[in-house]
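First to last, the sequence lines map onto chains A and B. Per the working numbering, residue -10 is the first one in the first sequence, and the count goes up by one each step. Per the working numbering, residue 11 is the first one in the second sequence, and the count goes up by one each step.
Derived by calculation from the structure, the hints in this document are not laboratory data. One thing to keep in mind: the hints can contain errors.
Which chain A residues stay away from chain B? Per the calculated CB distances, all over 10 Å, these [unchecked claim]:
hint, residue
1, Ser(-2)
2, Asp3
3, Val4
4, Thr6
5, Asp9
6, Ala31
7, Gly32
8, Thr33
9, Ile41
10, Arg48
11, Asp66
12, Asn69
13, Thr71
Among the chain B residues that face chain A by a calculated CB cut under 7 Å, a handful are [stated by the list, open to error]:
hint, residue
14, Met11
15, Phe15
16, Val33
17, Val41
18, Ile74
Think of the CB as a built atom: it goes at the ideal place given N, C-alpha and C, for glycine as much as any other residue.
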Amino acid sequence: MGKFVVKISQEGFDVKTCNDKDLTLSSELNQLKNAIIGSGGAGTVAHGLSYIPMFFTSRQSGGNGSIIGDDPNVSCDATNLTIGASTKYYIFYQGGA
Amino acid sequence: MPFVFKLSLPGKNVSSSNPQDFVFNSRLGSVKIVQQPPNKTAQSVTVGASTTETVTIAHNLGFIPLVMVFAEKSPGTGKFYNGYAIHGGSEVGDVTLLPIGGGTYVDANNLVLVFQNNTASQKIVQYYYYIFGDSAT
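Isolated chain A, as found in the complex (with noise of 0.2 Å):
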């Protein structure tokens, strides 16, 4: 007996012959999940996770927000996610560096 797998296609593509860039959900494909999410001024955040997970910042500046990754002096560990001034973040399941 073959093997069962999920998978929903994006608008516009057959799921049965799409590339994987072209799916929205697959079972063979791991996603990012959510650990934590949050804002803050400079400084660290413990996540508790005992491995170095995967990781979004965004600064914030005179109203707007910057591009993922953009600041230099950001940094995790096994421990704790270590941020900049006016930054969110999210913190994913996905890790083991």
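We have chain A; now place chain B onto it with these hints.
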């Protein structure tokens, strides 16, 4: 009684309590891509020698979204960088994407990219972006 929709990763039990064991779990939020370039194809902008060029991408989400941008630092190489690296990073390229405060920003309606040509000749810069349906504030 709440209903939950879960898909476990291959080899993992869908009854697992470890969030890492799931492709999808309706109890866990996920960032969502709402906009990419047309036809999911890298876009190009021509930047004159020693000048800047502004690209405005309308998203009209009504809130400031997370955005990710990839661009060539050395046009024509096909090597794309993102984040701090395309703002200059530790090695300024032929082209720089100016940082927030210097021109590039995202607001509730548009993603505005300002490319600076650091050379004495015109450059055609390729770039790609993801706009997420998730707040950056």
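Legend entry - Check on Asn69 of chain A being off the interface with chain B, judged by Cβ distance over 10 Å: At about 19 Å from chain B, Asn69 of chain A clears the 10 Å cut-off, so the statement holds.
Inset, instruction - Against chain B, does Asp9 of chain A hold up as non-interface, every C-beta pair farther apart than 10 Å? - result: Given a closest Cβ separation of 12 Å, the condition holds.
Legend entry - Assertion that Val4 of chain A lies outside the chain B interface [Cβ separation over 10 Å]: Holds, since 15 Å exceeds 10 Å.
Inset, instruction - Verify that the Cβ of Ala31 of chain A lies farther than 10 Å from every Cβ atom of chain B, and report whether the claim holds or is violated. - result: Nearest chain B Cβ is 16 Å from Ala31 of chain A, so the label holds.
Legend entry - Interface hint compliance - Phe15 of chain B to chain A, C-beta minimum distance less than 7 Å: 10 Å, violated
Legend entry - Supplied contact hint for Met11 of chain B, tested at 7 Å Cβ to chain A: Met11 of chain B check fails; min Cβ-Cβ to chain A is 23 Å, beyond 7 Å.
Inset, instruction - Classify the label on Ile41 of chain A as holds or violated, using whether its beta-carbon is more than 10 Å from each beta-carbon of chain B. - result: 13 Å, holds
Inset, instruction - Run the C-beta distances from Asp66 of chain A to all of chain B and say if the shortest one exceeds 10 Å. - result: 18 Å, holds
Legend entry - Closest CB of chain B to the CB of Thr71 of chain A still more than 10 Å away: 15 Å, holds
Inset, instruction - Mind verifying the non-interface call on Thr6 of chain A? Its CB should be farther than 10 Å from each CB in chain B. - result: It holds; Thr6 of chain A is separated from chain B by about 16 Å at its closest Cβ, greater than 10 Å.
Inset, instruction - Return the status of the interface hint for Val33 of chain B: holds when the least beta-carbon distance to chain A is below 7 Å, violated otherwise. - result: Because about 5 Å separates Val33 of chain B from the closest Cβ in chain A, which is inside the 7 Å limit, the hint holds.
Inset, instruction - Could you check if Val41 of chain B really has its C-beta closer than 7 Å to a C-beta on chain A? - result: 6 Å, holds
Of the numbered hints given earlier, the model fails hints 10, 14, 15; all others are met.
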